[in-house]
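Chains W and Z, in that order, are what the protein sequence lines are. Everything in the first sequence is counted per my numbering, starting at 1 for the first residue and increasing by one. Everything in the second sequence is counted per my numbering, starting at 1 for the first residue and increasing by one.
Some hints here could point you the wrong way.
Stated by the list, open to error - The calculated DSS-like cross-link candidates involving lysine-lysine, where the alpha carbons are at most 30 Å apart (straight line), are:
no.: 1; chain 1: Z; residue 1: 264; chain 2: W; residue 2: 353
no.: 2; chain 1: Z; residue 1: 442; chain 2: Z; residue 2: 455
no.: 3; chain 1: W; residue 1: 342; chain 2: W; residue 2: 275
no.: 4; chain 1: Z; residue 1: 447; chain 2: Z; residue 2: 476
no.: 5; chain 1: Z; residue 1: 130; chain 2: W; residue 2: 342
no.: 6; chain 1: Z; residue 1: 130; chain 2: Z; residue 2: 79
no.: 7; chain 1: W; residue 1: 374; chain 2: Z; residue 2: 79
no.: 8; chain 1: Z; residue 1: 130; chain 2: W; residue 2: 353
no.: 9; chain 1: W; residue 1: 342; chain 2: W; residue 2: 353
no.: 10; chain 1: W; residue 1: 342; chain 2: Z; residue 2: 79
no.: 11; chain 1: W; residue 1: 342; chain 2: Z; residue 2: 264
no.: 12; chain 1: W; residue 1: 374; chain 2: Z; residue 2: 264
no.: 13; chain 1: Z; residue 1: 264; chain 2: Z; residue 2: 130
no.: 14; chain 1: Z; residue 1: 264; chain 2: Z; residue 2: 292
no.: 15; chain 1: Z; residue 1: 387; chain 2: Z; residue 2: 292
no.: 16; chain 1: Z; residue 1: 387; chain 2: Z; residue 2: 442
no.: 17; chain 1: Z; residue 1: 463; chain 2: Z; residue 2: 387
no.: 18; chain 1: Z; residue 1: 53; chain 2: Z; residue 2: 2
no.: 19; chain 1: Z; residue 1: 215; chain 2: Z; residue 2: 292
no.: 20; chain 1: W; residue 1: 374; chain 2: W; residue 2: 275
no.: 21; chain 1: Z; residue 1: 390; chain 2: Z; residue 2: 425
no.: 22; chain 1: W; residue 1: 411; chain 2: W; residue 2: 262
no.: 23; chain 1: Z; residue 1: 79; chain 2: W; residue 2: 353
no.: 24; chain 1: Z; residue 1: 478; chain 2: Z; residue 2: 445
The set of hints was computed from the structure by calculation and includes no laboratory data.
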Amino acid sequence: MFTAPIAELSAALAAKRVSAVELTTSALARIDAANPQLNAFATIDPDGALARARDADAARAAGTVGPLAGIPVAHKDVLMTAGLRTTCGSRMLANFVAPYDAFVVQKLRDAGMVLVGKTNMDEFAMGSSNENSFFGPVRNPWNPDYVPGGSSGGSAAAVAARLVPAATGTDTGGSIRQPAALSGISGLKPTYGVCSRYGLIAFASSLDTPGVLAQTAHDCALLLNAMAGHDPRDSTSLDRPIEDYTRDLARPLKGLRIGLPKEYFGEGTEPSVVKAIDAALAELRGLGATTVEVSLPSVDLAVPVYYVIASAEASSNLSRFDGVRYGHRAARYADLADMYQKTRAQGFGAEVKRRILVGTYVLSHGYYDAYYLKAQQVRRRIAEDFRRAYERCDVIVGPTSPTTAFRLGDKVDNPVKMYLNDIFTVAANLIGAPGISIPCGFDRQGLPVGMLLQGRHFGEATLLNVAHQYQLATDWHARVPPGFAP
Amino acid sequence: MKWEVVIGLETHAQLSTVSKIFSGAATAFGAEPNTQACAVDIALPGVLPVLNKGAVERAIRFGLAVGGTINRRSVFARKNYFYPDLPKGYQISQYEIPVVQGGSIRIASPMRGEVEVRLTRAHLEEDAGKSLHEDFHGMTGIDLNRAGTPLLEIVSEPDLRSSEEAVAYAKALHSLVRWIDICDGNMQEGSFRFDANVSVRPVGEPKLGTRCEIKNLNSFRFLQQAIEFELRRQVELIEDGGRVEQETRLFDPDRGETRSMRTKEEAHDYRYFPDPDLPPLTIDEAWIARVKAALPELPEAKRQRFVDQYRLSPVEAASLTASVALARHFEATVQAGAEAKLAANWMLGEFSAALNRDEIDASTAPVSGQQLGALLRRIADGTISGKIAKDVFDAMWAGEGGSDPDAIIAARGLRQISDAGAIEKVVDEVLAANTATVAEFKAGKEKAFNSLVGKVMAATRGKANPAQVNAILRQKLKAYAP
Chain W
1 MFTAPIAELS
11 AALAAKRVSA
21 VELTTSALAR
31 IDAANPQLNA
41 FATIDPDGAL
51 ARARDADAAR
61 AAGTVGPLAG
71 IPVAHKDVLM
81 TAGLRTTCGS
91 RMLANFVAPY
101 DAFVVQKLRD
111 AGMVLVGKTN
121 MDEFAMGSSN
131 ENSFFGPVRN
141 PWNPDYVPGG
151 SSGGSAAAVA
161 ARLVPAATGT
171 DTGGSIRQPA
181 ALSGISGLKP
191 TYGVCSRYGL
201 IAFASSLDTP
211 GVLAQTAHDC
221 ALLLNAMAGH
231 DPRDSTSLDR
241 PIEDYTRDLA
251 RPLKGLRIGL
261 PKEYFGEGTE
271 PSVVKAIDAA
281 LAELRGLGAT
291 TVEVSLPSVD
301 LAVPVYYVIA
311 SAEASSNLSR
321 FDGVRYGHRA
331 ARYADLADMY
341 QKTRAQGFGA
351 EVKRRILVGT
361 YVLSHGYYDA
371 YYLKAQQVRR
381 RIAEDFRRAY
391 ERCDVIVGPT
401 SPTTAFRLGD
411 KVDNPVKMYL
421 NDIFTVAANL
431 IGAPGISIPC
441 GFDRQGLPVG
451 MLLQGRHFGE
461 ATLLNVAHQY
471 QLATDWHARV
481 PPGFAP
Chain Z
1 MKWEVVIGLE
11 THAQLSTVSK
21 IFSGAATAFG
31 AEPNTQACAV
41 DIALPGVLPV
51 LNKGAVERAI
61 RFGLAVGGTI
71 NRRSVFARKN
81 YFYPDLPKGY
91 QISQYEIPVV
101 QGGSIRIASP
111 MRGEVEVRLT
121 RAHLEEDAGK
131 SLHEDFHGMT
141 GIDLNRAGTP
151 LLEIVSEPDL
161 RSSEEAVAYA
171 KALHSLVRWI
181 DICDGNMQEG
191 SFRFDANVSV
201 RPVGEPKLGT
211 RCEIKNLNSF
221 RFLQQAIEFE
231 LRRQVELIED
241 GGRVEQETRL
251 FDPDRGETRS
261 MRTKEEAHDY
271 RYFPDPDLPP
281 LTIDEAWIAR
291 VKAALPELPE
301 AKRQRFVDQY
311 RLSPVEAASL
321 TASVALARHF
331 EATVQAGAEA
341 KLAANWMLGE
351 FSAALNRDEI
361 DASTAPVSGQ
371 QLGALLRRIA
381 DGTISGKIAK
391 DVFDAMWAGE
401 GGSDPDAIIA
411 ARGLRQISDA
421 GAIEKVVDEV
431 LAANTATVAE
441 FKAGKEKAFN
451 SLVGKVMAAT
461 RGKANPAQVN
471 AILRQKLKAY
481 AP
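Whole structure, please, built from the sequences with the hints as guidance.
Listed below in C-alpha cells is the structure:
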C-alpha cells in the first residue's frame with residue numbers, strides 16, 4: 001500500500017488506515033535502500049521529513065486537511081527549499097543552502113506534503129540523460145545500465161522506483177516529459193505562467209516551467225491543483241481564476257479529436273516506439289476518440305530554435321554564478337578576471353559551458369539578428385502551426401521521445417544526437433503550451449515507451465482527462481520496475 | 001583654424017521612489033553597507049524582478065514635461081557584463097524601445113541666445129552597487145545598497161556647442177527633474193550625474209568628428225572642466241597631425257584632466273536581448289492622462305504666466321522660475337499682500353543673496369513667503385523705509401522675534417518717522433549745526449544736499465521718511481538765510 005498512487009494514499013490517510021509518519025518512514029527506508037544504486041537523490045532530509053510528517057498527522061488530527069496532507073514528495077534540486085541544500089546538480093552550488101522556498105515548494109508545503117529530499121538532475125537542468133550532474137548520473141530503475149532521461153532524471157527515477165509517490169520537476173525543453181517517458185511514469189508540463197517560477201533556478205526564463213512527475217495523471221492533477229496560482233513575485237505568472245484540474249477526469253472520450261502530426265510519425269523514431277504509440281492510439285479510438293492527421297510544417301526547426309533561445313537566456317542567467325557573493329569560488333587566483341575564469345571553469349560542467357558559449361555567441365554583436373532574432377521569428381511560426389492544427393483537433397498525440405532509454409555513455413560525446421531526444425517535446429516550451437507524457441508500453445528490452453499528449457494553452461484539464469481515461473483502460477502506468485516492487 | 005566643440009549628454013537621474021526598481025528594498029542613501037539589499041538585489045538563485053510602477057510613473061512625468069512621446073509599449077533588456085558590483089552579471093535597462101522618445105529642453109546659451117536642445121530618449125534602468133577600493137587592505141568591498149536603484153537615463157542629441165551650453169542644459173535638466181519631483185537632484189550623493197560625448201570639428205564643417213565619452217561627471221564644475229580639457233586635447237591632437245580615437249575616458253578632478261579608460265577595440269559587447277523575466281511594459285492612455293492631470297505647472301508656462309499676471313520682465317520671470325521652490329516662495333510672498341514688482345526685486349535681491357550666502361534652497365529658507373510678504377507690506381504702507389526693511393529682513397533671517405517683521409519693528413523701535421513737525425525740527429537742527437555745508441550747497445554744490453540728507457537720517461537713526469526729508473530739506477534750504 002505504501003507504494004500506491006496518491007489518490008489511494010490520500011484515502012488511506014483520511015480513513016486513518018495509515019499515518020504520514022508511516023508513509024514517510026517507508027519512503028525514507030526505500031530511498032535508503034535504492035539510492036546507492038539509482039543516485040536519484042542529491043540530498044535526503046530524514047529528520048526534517050519526519051518532523052513534517054508529524055506536523056501533518058497533527059494537523060489531520062486537529063481538523064480538516066487537503067488531499068495532499070501527509071503525502072511524501074521530493075523536489076527537483078533546481079527548486080529552492082528553505083534551509084535545505086539546493087545544488088542544481090552543480091559544483092557551483094554544491095554547498096548552497098537555500099534561504100527561501102520556491103513558490104511551488106511553498107505551495108506544496110502549505111498543502112501539507114512532506115518533503116523528504118532533493119532529487120538529482122542534469123546540471124542547471126541542461127541535459128536529456130541525467131549524466132551531466134556533478135553528483136554523478138542517475139540510473140534508470142528499469143535497467144541501471146540505462147539513463148532515466150533528463151533533466152528531471154532523479155525525480156523520474158524516484159517516482160518510477162516508488163521511492164516517493166510524486167516529485168516536482170521542471171521542463172524547459174522536455175525535462176519532465178522525456179524522463180517520465182524513459183522511466184515509465186506520468187509527467188505533466190503545465191502551461192507557461194500557470195506555476196510561478198519564483199525560486200526556480202533559471203536556465204531559460206522564457207521556457208522554464210515547473211511541473212509534476214507522478215504515477216498517474218490523476219496524481220498529476222492533484223499536485224497541479226496545489227502548485228498552480230498567481231504569484232506577484234514572478235512577472236510572467238498569470239493571474240487567472242483557480243481551476244480544479246481533476247474536474248474533467250471522468251469525462252468519456254467520445255467525440256475527442258486527436259491530431260496526429262505527420263511530422264511526428266516519420267523516419268527517425270524507433271519501430272518499438274511507433275508500435276506502442278499505434279497500439280495506444282487504437283486504444284484511444286476504442287474509447288471513442290477519433291484521429292485526424294494534422295501538419296506542423298515548421299516543427300522540424302523547433303530543436304535548433306530551442307538551442308538558440310535556451311542557450312542565449314542561459315548564458316545570461318548563469319552570469320550571477322561568479323564566485324563573488326555565494327557558491328563556489330576558486331581557492332587561488334591572481335586578479336578579478338582570473339577569479340571569474342577559474343571559478344566558472346571549476347564550478348560548471350562541460351555541457352553548461354557549451355551552452356554558455358553557444359548562448360554568448362548567438363547574442364554577440366553581428367550575430368544577434370541571424371540567430372536570436374531569427375529564432376524568435378521561427379518561434380512565432382511554430383505557434384502559428386499549432387494554432388492551425390488545433391482548428392481540427394482537441395489534443396495532439398505522438399511519441400514523447402523517438403527512442404526508449406539509452407545506455408549510459410551512449411550519447412555523451414554527441415551533443416546533437418543527445419539534443420534530438422527533445423525533438424517532440426521542445427515545441428510545447430517554445431509556445432508555452434501544456435503537455436503530458438504517460439506510459440504506453442515497453443520495447444523488447446523491457447524499457448518503457450512514453451506517449452506525449454499536447455494541448456492548447458490552459459488545456460491541462462483536457463490532457464489529464466485523456467490521460468486518465470487511458471490509464472483507466474490500461475495498466476502500463478501501474479507496472480513497477482523489477483526489483484522495486486513492494 | 002577655428003574649432004567647434006559638439007557635445008551630447010547622457011544624464012542619469014536617480015528616481016525618487018521609496019523602493020527599488022525591481023525589488024521591495026529601500027532606496028534611502030547612507031545606510032550601512034548591504035543592509036538595503038534584498039534577495040533580488042543580491043541576485044540569489046531563483047529570484048525574479050518585479051517592476052516598480054512608481055518608477056514608470058516618474059518616467060511618464062518626465063516624458064510629458066519635455067514634450068516627448070510616451071511609448072505605449074517599451075521593452076526591458078539585459079545588458080550583460082561581469083563586474084563584482086553587478087550582482088546578476090547583467091543590468092536591466094531599456095535598449096531598442098525606451099519608455100520615452102524625443103522631447104526637448106530650452107536653454108539660454110551665452111553665445112546663441114535661446115537654444116532648443118533635442119532629447120533622443122529617456123529610458124528606465126537599474127543602478128549597480130558600489131565597489132569600495134579603500135579600507136580593505138588590498139581587497140575590494142562591495143556595497144549592494146545602491147544595486148537596483150531606479151535611474152532614468154536621459155540622452156540628448158549632440159546639440160550643445162560649448163561647455164557653457166552643456167552646463168546650462170545640465171542645470172535646466174537638474175531644475176526640471178526637481179520641479180516635477182522625480183529626482184532629489186542631490187549631486188553629492190550621485191543622484192544626478194552625467195556622461196559627456198565630446199567631439200570637435202572645424203567651424204562650418206557639417207560632419208561630426210570622432211567622439212570620446214567621458215564617464216561619470218558628478219558636478220556642473222567637473223562637467224565644464226572635463227569638456228574644456230577634452231576640447232583642448234582633441235584640438236591639439238588634430239593640429240599636431242594626430243587623430244581622435246573613439247574611446248571611453250575618465251575625468252580626474254584632482255588634475256582637471258581626462259584619461260583613457262578603454263578604447264573602441266576594448267569596448268564591451270553587452271549582448272543586449274529582451275529580458276524574458278519582464279513582459280513588455282505597456283502604458284495605457286488612462287495612465288498617461290492621470291499623470292498629466294497631476295503634473296505641476298511647468299517652468300516655461302510659469303515663466304509666461306509671471307510675465308502676464310505679475311507684469312514682470314522676462315528676465316525676472318526666468319530668474320524666479322529657476323527652481324520650483326523659488327517660484328513658490330515668490331507667489332506666497334505676493335499672496336501675503338506684497339506688490340509683485342517689489343516682491344520680485346526682494347526675491348532676486350536680498351532673499352537670493354541670503355540663500356547663496358547660507359548655501360540653502362528656498363524650500364528651507366528661514367523666512368517664509370508669508371513673512372516676507374508681511375515685511376514688504378510694511379514698506380508699502382510707510383511703516384518702515386526700504387533701507388530699514390533690509391535690517392528687519394536680516395533680523396528675520398536670523399530668527400529674531402519669531403521672524404515676524406512687526407515684532408522686530410516694534411522691539412527695535414524702527415517705525416518710520418512721518419510726522420512733518422518732527423522731521424522739520426531735526427532739519428532745523430542739522431542746518432544750524434552745518435552752516436559750512438549749507439554754504440557749499442548755496443554756492444551750487446548739489447552733492448552737499450546729499451550730505452545734509454545723510455545727517456538728517458543719521459540723526460533719526462534712519463527712521464525718518466526719506467521722501468519727506470528730501471522735500472522738507474529742499475523747502476528749508478530755499479528759504480534759508482544765514
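A quick look at each hint next to the structure:
For the hint linking residue 264 (chain Z) to residue 353 (chain W), the alpha-carbon distance of about 28 Å falls within 30 Å, and the restraint holds. Taking the CA atoms of residue 442 (chain Z) and residue 455 (chain Z), the gap is near 17 Å; set against the 30 Å cutoff, the hint holds. At roughly 50 Å between alpha-carbon atoms, residue 342 (chain W) and residue 275 (chain W) are farther apart than 30 Å, so this suggested pair is violated. With a C-alpha separation of about 17 Å, the suggested pairing of residue 447 (chain Z) with residue 476 (chain Z) holds against the 30 Å cut-off.
For a cut-off of 30 Å, the pair hint linking residue 130 (chain Z) to residue 342 (chain W) stands: about 24 Å separates their Cα positions. Simply put, residue 130 (chain Z) and residue 79 (chain Z) have alpha-carbon atoms about 18 Å apart, close enough for the 30 Å limit, and the pair holds. Of the pairs offered as hints, the one joining residue 374 (chain W) and residue 79 (chain Z) holds, with about 20 Å between alpha carbons and a cut-off of 30 Å not exceeded. Distance hint between residue 130 (chain Z) and residue 353 (chain W) is fulfilled; the C-alpha atoms sit about 29 Å from each other, no more than 30 Å.
Annotation: proposed proximity of residue 342 (chain W) to residue 353 (chain W) holds, straight-line Cα distance about 13 Å (limit 30 Å). At most 30 Å may separate the alpha-carbon atoms for a hinted pair to count; residue 342 (chain W) and residue 79 (chain Z) meet this at roughly 23 Å. For the hint pairing residue 342 (chain W) with residue 264 (chain Z), the CA-to-CA distance comes to about 27 Å; that is within 30 Å, so the pair holds. Using a Cα cut-off of 30 Å, the hinted pair residue 374 (chain W) and residue 264 (chain Z) holds, with the two alpha carbons roughly 28 Å apart.
Simply put, residue 264 (chain Z) and residue 130 (chain Z) have alpha-carbon atoms about 25 Å apart, close enough for the 30 Å limit, and the pair holds. At roughly 42 Å between alpha-carbon atoms, residue 264 (chain Z) and residue 292 (chain Z) are farther apart than 30 Å, so this suggested pair is violated. The suggested pairing of residue 387 (chain Z) with residue 292 (chain Z) is violated, with an alpha-carbon distance near 45 Å, which exceeds 30 Å. Annotation: proposed proximity of residue 387 (chain Z) to residue 442 (chain Z) holds, straight-line Cα distance about 29 Å (limit 30 Å).
Pair hint residue 463 (chain Z) plus residue 387 (chain Z) holds up; C-alpha atoms about 9 Å apart against a cutoff of 30 Å. Restraint check for residue 53 (chain Z) and residue 2 (chain Z): the C-alpha separation of about 49 Å exceeds 30 Å, so the hint is violated. Simply put, residue 215 (chain Z) and residue 292 (chain Z) have alpha-carbon atoms about 33 Å apart, too far for the 30 Å limit, and the pair is violated. Using a Cα cut-off of 30 Å, the hinted pair residue 374 (chain W) and residue 275 (chain W) is violated, with the two alpha carbons roughly 36 Å apart.
Of the pairs offered as hints, the one joining residue 390 (chain Z) and residue 425 (chain Z) holds, with about 27 Å between alpha carbons and a cut-off of 30 Å not exceeded. A distance of roughly 27 Å separates the Cα atoms of residue 411 (chain W) and residue 262 (chain W); the hinted pair therefore holds under the 30 Å criterion. Among the hinted pairs, residue 79 (chain Z) with residue 353 (chain W) is consistent with the structure: their alpha-carbon atoms are about 20 Å apart, no more than 30 Å. For the given pair, residue 478 (chain Z) sits about 14 Å from residue 445 (chain Z) by alpha-carbon distance, which is consistent with the 30 Å threshold.
Checked against the numbered hints given earlier, this structure breaks hints 3, 14, 15, 18, 19, 20; the rest are met.
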